[in-house]
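Visitor: Chain A is fixed; fit chain B onto it per the hints.
Residue numbers (the numbering used here), protein chains in the order written: chain A, 49 to 1276; chain B, 5 to 284.
Errors might be hidden in some of the hints.
[Claimed, not checked] Derived Cβ-Cβ restraints for the label pairs, each shown as a range: (1) B:Lys264 - A:Phe371: 22 to 32 Å; (2) A:Phe371 - B:Tyr51: 53 to 63 Å; (3) B:Leu33 - A:Tyr1265: 23 to 33 Å; (4) A:Leu1107 - B:Leu66: 25 to 35 Å; (5) A:Leu557 - B:Lys248: 46 to 56 Å; (6) B:Lys162 - A:Ile1140: 10 to 20 Å; (7) B:Tyr51 - A:Gln929: 56 to 66 Å.
No lab work stands behind these hints, which were simulated from the structure alone.
Keep in mind it's a predicted model, so treat the numbers as computed, not measured.
Glycine included, C-beta positions come from ideal geometry on N, C-alpha and C.
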Amino acid sequence: MPRAAPRPLGGICRREGAEGGRQPGLSRSRGCPGSSRAGLRSGERGSTTDRARTAPALLPAPAGAAAGSAGHRAAPARSSRWLSPGLGGGSRRPFVLRPGRGERASLRGGAASRVRGARPSPGGGPGRRRACAAASLRPPPGSSRQPGRGRGSAGPGWPGSFGSALGRSRPHGPGGAGEGLPADLHSNAKTLFLLQKKSDVYSVEIYGTKDIEKTEMGDKEEKYKDLKGNKKKKKTEDLKKELDLDDHQLSPSDLEKKYGTNISKGLSSARAAEILARDGPNALTPPKATPEIIKFLKQMVGGFSILLWIGAVCSWISFGIQFAQGAESPFDNLYLGVVLALVVILTGIFAYYQEAKSTNIMASFSKMIPQQALVIRDAEKKELPADKLVVGDIVEIKGGDRIPADIRLISAQGCKVDNSSLTGESEPQSRSCDFTHENPLETKNIAFYSTTCVEGTATGIVINTGDRTIIGRIASLASRVGNEKTPIAIEIEHFVYLVAGVAVSIGVLFFIISISLRYKILDSIIFLIGIIVANVPEGLLATVTVSLSLTAKRMAKKNCLVKNLEAVETLGSTSIICSDKTGTLTQNRMTVAHLWFDNQIYSADTSEDQTTQPFDQSSPSWTALSKIVTLCNRAEFAPGQENLPIMKRVVVGDASETALLKFAEVILGDVMNIRARNKKVAEIPFNSTNKFQLSIHETEDTNDKRFLLVMKGAPERILERCSTIMINGKEEPLDSEKAEAFQTAYMELGGMGERVLGFCHLYLPENEFPDTYPFDTDSMNFPTSNLCFVGLLSMIDPPRSTVPDAVSKCRSAGIKVIMVTGDHPITAKAIAKSVGIISATSETVEDIAKRLNIPVEQVNRREATAAVVNGMELKDMSSQQLDEILCNHSEIVFARTSPQQKLIIVEGCQRQGAVVAVTGDGVNDSPALKKADIGIAMGIAGSDAAKNAADMVLLDDNFASIVTGVEEGRLIFDNLKKTIAYTLTKNIAELCPFLIYIIASIPLPIGTITILFIDLGTDIIPSVALAYEKAESDIMNRRPRNKRKDRLVNEQLAVYSYLHIGIMQSVGAFVTYFTVYAEQGFLPSTLLGVRIKWEDSNINDFEDSYGQEWTKYQRLYLQWTGYTAFFVSITIQQVADLIIRKTRRNSIFQQGLFRNKVIWVGIFSQIGIALILTYGLGHVTALNFTPLRFQYWFVAVPFAVLIWVYDEVRKLFIRRYPGSWWDKNMYY
Amino acid sequence: MSKEAKKPFRQSMAEWRQFVYNPNSGEFLGRTAKSWGLIFLFYLVFYGFLAALFTFTMWVMLQTLSSDIPKYRDRISSPGLMISPKPDSALEFSFNRSDAQSYAEYVSTLRKFLESYDDSKQSQNINCTPGRIFDQNDVAVKKACRFNLSELGQCSGKEDKTFGYSKGTPCVLVKMNRIIGLKPEGEPHIQCASKEEGRVEINYFPPEGLIDLMYFPYYGKSLHAHYLQPLVAVQLAINSNSTKEEIAIECKILGSPNLKNEDDRDKFLGRIAFKVQMTE
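The following block holds chain A by itself, in its conformation from the complex (with noise of 0.2 Å):
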């Protein structure tokens, strides 16, 4: 069997792992990217709606272009050829599964007149260039001869690779081929990287094919072979076996022979237990997930955590010291550092919980409804739980059944199956039981496990389960995309980095100047514990999550579910948002938007609650077009919702009939009264070759005997069948004139990207069919020619009503709206168009060319504002012009896109330094949810895999909410810049103590652990109640934030917060600390110096200013008292920090002072825990409070006016003087 795949191209390798610091953590460091990261998640069917892309999801490399083993990937991608259906080609499809070779090149995924197939693309092994990375998971040589059953004479059996052969489409790949390292490689080993980067992680091969140039290069990977993990070899060697399938080419007797089953019986349950205990229950291994001991240690040793361990060592070791040297009370030690590890271990088991819980969210996303599966087992029919499959039963399934594992069917009657959720392809294939095709994946005789049985009948034998199975296969290679840090996991690290650099910087300075000024090694280690706890901030972590997921919960209600509680900010800082546009920008459902008739067009309401339709009805050709648009439709509301409005009710029939017979509701009322009163005689239903739909119907004119003929179709279909047309009601010959102006209208609907439907009718004569007239559908025995043409009627799917609303926000936002769309080129601009993604007055190269009536070439690119790329176009283009495009042009719309060329796209954004935000809801989508800095996945229409791999979900999958969810994003870094700003101030005023203590030698301050009921206990809710803090200005109407340069703690944050401030609120609490111990006694100049006696537990007659004489124990209590005063001054200063921190430009009474109410409640709870602490609990000894007198709560109030009227006067000069140095110096 095969082993592992080596690296062919070792160098590349390894200068892939220097410069792939970027993304610590993958495998990268083990040389080539083994940990192919499967473009294909486990997933359930994706979405049922429009999905429409070209999607080569599985994308079998052709086995001979694929050859060349290094580059499996590189190969089909680039061989590959998708052309595009002519316009009003019937399936927009891209070609799924490729089929092994090229030359087999089915063509699959509907009617599409599309060339595909492999190109071997030139230089032989066209993967190879893409080396390293694609090699992944290749067999090695001298291996990889697999005795493969199902190859034989036929090749390749399976695939030759199965990837998902994303973002490897570029042809920008080094042209030199061979095994060697094409020489741009080295020249341009940025870009490599870049591939390679990607490859690396979105890539999934399995091979399971003997590649012709496998044996070629046999000896050259032999040298690489030793290079690579054990591991991943054995993984890929039991896929391969796997992969090795051939039950599709055996006959049904085989098939029980193999499986040691019986058709008809099915298999006996003890045989059935005997299987799945041998290979487990039929169900995807969940991704491996980090243990949770280790997810819990890293809480603890992450962020300040670590300052503070080294805080509580610090005290216990001078516990050991003092213990040990018998002084009086080195329990106190011992105690801070009990407190600091506990207060480490909560905010960790808090830090822990908070990502436990937006894990949990997670985990309900993949949690299904237990699914049943109808199996036959001793002979019978039983309903058993789907993950008690095992490999030999007989289940049947039926239409609307998830498929519950991979299946051989044996007999099928009309099935369909939806395979979208494995390969992006939405139109339901039909299976059979028939062997059509060698490769597993294109044969008709095998449904798959995820997949949907759309309708029909069959039965099969279960040939894979679990993690076996083909979506399991791609499920467990999907190992998890390294996510690159989101914004503000930058950000706090960046400020975890600054606030512990100035934590050790001072606390080493202090330790040396203690030293130097002559303390005691041990005097030193207490000061340098007061300074860290000083310094850091210990519950503004917490604060911060608590804001996050405060934001989350706020946007859930807004309908953007956050699954990773930083995404809340990363959707703040997007600068693109690369969005589709089926369900997201657009309704999802077809609508009529335009009719014409009498020569006119008239435009209908597209919104979602129309209850009415303003057009003029008045026309009898209205009336008889609503005629025909009521009865030639087989459409049908589902029973039971008359209550419903109309547009909400669901409908049985297909998206143009459902919007027709909607349309028709809600003018003309009871569409099937109608109906029963015009008896249906006649019908030939819509198919491909006719092109129309016809049906024969009494009249319900009771005196009119006559047979109403209608018909509708492709409009120059009905037209040809034409020879009147009808004009305010008059039947009208076809003149040449008339039908240019039908020809007119048939283009300009079609021209705004509309599906055109032509409607005509004719009543039967009497005399020639009267009422017994027996209609034949099969001969015709009717006319279907020389009818009279009535109208048309165009039908969108219309957009949604909040978008163009929301786009021009994005806009005015600085953000850049992208659509990527699988849809016709000319409906998605005309639907970007009327949502203002492409903006009115801007226009295309093609536009400024048919408006200058020049050739395309000659128009000057950099006119053109907006672009619509074909997918076609993107796949020949190189990553250079590709980011030509997306710098040059503004609005920009993707069309006739595959989800790989989303993650191009995305790619492609990312290097021009955006933040990218993208949609997407097909299982093809997760590499580029996840390659995206936030990944939004649709809730109703999106796939499980989808959501996977998203970091927010839709819940109405509208685009609008993506634009509020920016908005909130937006916010919550402006506030947390807030809390930080306010949670940092209190620092130097907790820290200033300290430092004065040791240079001063005053008696101390403020105490460690009355400095941790600041951080923890007064501070934290004023700091999470920033957070409710409404705008300061229209946050949408700036740019988005370069990630460079806005940090969320800036130079100016920090000193205006330490140095300004800071220092006030220091001064502050300083003089109410010297009147507290003036008043007992001590005057200022008296407490200079005294450290040494003061803190002597000998000297029980100290003297004080006045000639009293202090026991220690009475100056100790003073000293409390001085911490208590010290510890009221800063609460009393922060409510005033908290009052200024609520805007950061604007006056606070432009903000409004009593806006956000839970800004009073956490200055009430602030002073209430304050009094709590200084009379509650002022008598208990440990915490180091006492009852203090009540003025000493108002000797910092004049400096906390002073502050608030400092900060003032700051925001008026800021205000006034913009740019100016104030303006750059002091605004944060």
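Guide: Just chain B, lined up with the frame of chain A:
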């Protein structure tokens, strides 16, 4: 590898140098000279203002205080006891009665302490009525009561210049902390006891360790400049067979209901414990 690693280092060095001084823009540590000047000026003004404000508020606060008595005296409602001489380390006396050097420090401390009690220094002090609180609230100039050294008897240092240390009967002076306005009730007296019975015999000077009420109340350093606090000398006659052993002695103030001596937390409130170890 090393090549790649070196480059960023050199680059970062260059960037660092650029940051320290950028010759193009004349920026030093990221700011131009003008900017630094403004910053310096700003902080000079800002901190100057804060310093002035601090000084001013402190001055205002100090103006509210009387120079005679502190505003509040609630933190020292009851006095602590202290001894003299006070050994350097913990309150543990350790000396060799035959080695003058070993107790020289104690003797000199005592002598120094008693200097202010010398008759020559007490010329302005008046003789007060024993046993009565000497209230002088109405008098502007507070008089100090005379404390006669002779009351300390053998511990006065007059007869025995070594305060008994050479004889194995060391003297320790016990004093009560000065507290402004404190008026002891009842008959306060010092009583000492050794935990170990029979090792030491304790004599008090004045007899029974009495502290006379006439020395109270105290009016504070500025009003009551010549005030001398009453002393009680405790003479420890250590049994000759108890030498070399550590003798723990605790002295308490008794006989006055408003002088606490049993506080849980404050081990020196109205009491004091010390140890004596004498060798021969």
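Visitor: Indicate, hint by hint, whether the structure satisfies it.
Guide: These are the hints, each one checked on the structure:
1. B:Lys264 - A:Phe371: 22 to 32 Å: At 30 Å between Cβs, range holds.
2. A:Phe371 - B:Tyr51: 53 to 63 Å: 43 Å, violated
3. B:Leu33 - A:Tyr1265: 23 to 33 Å: Taking Cβ atoms as reference, Leu33 (chain B) and Tyr1265 (chain A) lie about 25 Å apart, which means the hint holds.
4. A:Leu1107 - B:Leu66: 25 to 35 Å: 28 Å, holds
5. A:Leu557 - B:Lys248: 46 to 56 Å: Holds: the Cβ-Cβ distance is about 50 Å, inside 46 to 56 Å.
6. B:Lys162 - A:Ile1140: 10 to 20 Å: 35 Å, violated
7. B:Tyr51 - A:Gln929: 56 to 66 Å: 58 Å, holds
Going down the numbered hints, you'll see the structure goes against 2, 6, while the others check out.
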